[in-house]
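Asks: Turn these sequences into a full structure, and let the hints guide you.
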Amino acid sequence: MSRGPRIERPRGTHDVVPADQPLWRRVVVEAERLCALSGYLPIATPVFEETALFERTSGAGSDVVQKEMYTFQDRGGRSLTLRPEGTAPICRAYVEHGMHREPQPVKLYTVGPMYRYSAPQRGRFREHWQLSVEAIGSDDPAVDAEVIQLYHALLERLGVSEFELALNSIGCRECRPAYLELLDEWLAVNLDRLDRPTREKAAANPLRVFDNFDAKPAPVQAALREAPTIGESLCDACSEHFDAVQRDLDAYGVSYELVPTLVRGLDYYTRTTWEFAGPEKGAQSALSGGGRYDGLIEQIGGPSTPGVGFGAGVERLVLALEHAKVSASPPSVDVFFALAAGAPHERVVGWLRELRARGVACDTDYAGRSLKGQLTHAARLGAVATVVVGPDGASIRRAGRADEDVLLDDVLERVSP
RNA sequence: GUGGCGGUAGCUCAGCUGGUAGAGCCCCGGGUUGUGGUCCCGGUGGUCGCGGGUUCGAAUCCCGUCCGCCACCCCA
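With our numbering as the guide, the letters of the first sequence map in order to residues 1 to 417.
Derived from the structure by calculation, the hints contain no laboratory data. Remember, it's a predicted structure, so these values are computed and weren't measured experimentally. Warning: the hint list may mix true and false statements.
[Said to hold, decoys possible] For lysine-lysine, the following BS3-like pairs were computed, each having C-alpha atoms within a straight-line distance of at most 30 Å:
#1 K372 / K201
#2 K216 / K201
#3 K201 / K281
#4 K325 / K372
#5 K67 / K281
#6 K281 / K325
#7 K67 / K216
[What the hints assert, rightly or not] Quick list of simulated restraints, FRET-style, between CB atoms:
#8 G159 / L41: 22 to 30 Å
#9 K67 / T376: 51 to 59 Å
#10 L41 / L258: 28 to 36 Å
#11 Y70 / E298: 25 to 33 Å
#12 G368 / S255: 29 to 37 Å
#13 G382 / E32: 20 to 28 Å
#14 G390 / I7: 40 to 48 Å
#15 L41 / G393: 49 to 57 Å
#16 S304 / G77: 30 to 38 Å
#17 A188 / L37: 45 to 53 Å
#18 A328 / S255: 40 to 48 Å
Idealized CB from N, CA, C, for every residue including glycine.
Replies: Okay, here's the thing in structure tokens:
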């Protein structure tokens with residue numbers, strides 16, 4: 001029969017099989033519903049983009065650009081990249097379609113696959129699905145809060161209660177350079193108090209010396225606690241902005257923890273940054289993360305335009321739902337036709353056509369099962385009504401009701417009132 | 001990309017120090033149950049991840065490789 005080794009899905013990818021779909025759909029449907037309720041409109045962008053889009057916006061030094069991009073040349077010699085994140089493509093579409101002429105902010109969302117070449121693990125894939133929500137064209141802190149609240153509402157709505165929201169502001173082009181200078185100075189003086197990984201960070205990406213703080217040796221933690229944080233260096237405008245975001249979150253009833261060392265992995269972020277962490281242990285706890293990106297649109301050749309948004313992992317959210325013991329049922333069958341010996345097949349086909357036209361979900365046996373097998377199958381499908389069809393009549397069975405014997409001519413009307 | 005652990009039926013796993021493959025669940029059939037999710041009996045189903053090596057003989061030992069999981073890195 002089959003020759004050669006069995007072909008399996010590519011490393012780091014996964015199938016969402018029918019058994020997984022109810023939970024998966026629930027996440028996506030609720031997300032879309034909440035987006036619509038807040039005025040976010042759906043947009044779809046290509047799954048691949050010109051490589052420069054990500055190189056320019058994410059930052060040449062970012063992990064994504066350095067080691068995680070799926071980059072390839074097409075037959076025309078173009079360098080293309082499977083999108084590693086959703087924000088830059090949406091901003092590209094915003095510029096390309098002149099959405100700056102529309103009423104601002106333009107509020108958009110999309111759900112689709114993202115690609116990152118990293119070592120697969122539980123909850124971490126090379127192809128994973130993400131909900132991306134973006135509000136472009138306003139620097140109002142109320143928009144930051146709205147977008148954060150949107151994901152918060154999604155978690156509540158889905159029944160996930162075990163999560164934490166970490167919040168920070170990383171300043172703007174005005175105040176961040178000054179802070180970086182302060183930090184560099186401090187690092188230079190205190191280098192001998194740090195361990196090797198932290199020293200390497202200090203050289204490569206000083207903002208990230210605080211990463212994974214809890215795992216560092218106690219003396220290193222003690223030292224880092226004395227280091228200057230961005231919060232103390234925010235300019236007045238950024239500081240006011242950040243205060244306003246917090247006031248709105250309070251008004252929304254969203255609780256958060258201020259984490260002055262929270263820095264995100266992409267270079268385009270400014271001011272507000274945040275991360276929702278879920279109940280799963282380990283490095284895959286991040287459910288969603290986002291921030292403001294006031295310089296991004298300019299970087300890709302558009303007019304100076306502020307924006308905020310986040311990306312949220314669908315698989316991680318599904319994992320959180322499973323952790324919270326949330327379940328969802330598959331779609332049910334209204335009517336199942338079980339055929340006894342001598343049943344008129346053509347009549348059943350006609351009933352199927354008519355019921356489906358009326359919007360009644362119905363099915364029958366195609367596996368040559370015994371009558372008992374068909375009834376068992378009907379029960380497993382969760383059929384509301386099972387019709388046992390004989391040569392001259394039928395019997396309609398519903399849970400908790402007496403069987404109803406009907407003429408073949410009356411089946412349709414009795415089964416679909 | 002680095003290190004550790006692991007891959008046996010669709011799923012969860014057993015298979016002792018090498019002797020040539022098993023259970024439960026699932027699926028199908030039969031019986032029982034008022035012809036429907038229970039229970040009982042039976043059956044289908046396996047390139048032991050893949051390739052090579054050692055051996056009279058490999059699921060079992062060795063090497064390589066692929067895939068998964070865990071940690072690191074980093075993220076969703």
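Asks: Decide, hint by hint, whether the structure agrees.
Replies: Each hint tested on the structure:
A C-alpha spacing of about 67 Å is found between K372 and K201, which places the hinted pair above 30 Å, so the restraint is violated. Proximity of K216 to K201 is assessed by CA-CA distance (about 13 Å); at most 30 Å being required, the pair is judged to hold. For the proposed pair K201 and K281, the alpha carbon gap of about 24 Å is at most 30 Å, so the pair holds. Taking the CA atoms of K325 and K372, the gap is near 34 Å; set against the 30 Å cutoff, the hint is violated.
Proximity of K67 to K281 is assessed by CA-CA distance (about 25 Å); at most 30 Å being required, the pair is judged to hold. With a CA separation close to 16 Å, the supplied pair K281 and K325 stays within the 30 Å bound. Between the alpha carbons of K67 and K216 the distance comes to roughly 25 Å, so the proposed pair stays at or under 30 Å and holds. With their beta carbons about 27 Å apart, G159 and L41 fall inside the hinted range of 22 to 30 Å.
Judged by the Cβ atoms, the range 51 to 59 Å given for K67 and T376 holds: they are separated by roughly 52 Å. Remark: the range hint 28 to 36 Å for L41 to L258 is upheld by a beta-carbon distance near 32 Å. The hinted range of 25 to 33 Å is satisfied by Y70 and E298, whose Cβ atoms lie roughly 26 Å apart. Range check, G368 to S255: about 59 Å between beta-carbon atoms, so the 29 to 37 Å window is missed.
Separation of G382 from E32 is about 26 Å and conforms to the stated range, judged on CB atoms against 20 to 28 Å. Our hint of 40 to 48 Å for G390 and I7 holds, since their Cβ atoms are close to 46 Å apart. The hinted range of 49 to 57 Å is satisfied by L41 and G393, whose Cβ atoms lie roughly 54 Å apart. For the hinted restraint 30 to 38 Å between S304 and G77, the CB-CB distance of approximately 33 Å keeps it satisfied.
Checked against the hint of 45 to 53 Å, the pair A188 and L37 passes, with Cβ atoms roughly 51 Å apart. With their beta carbons about 27 Å apart, A328 and S255 fall outside the hinted range of 40 to 48 Å.
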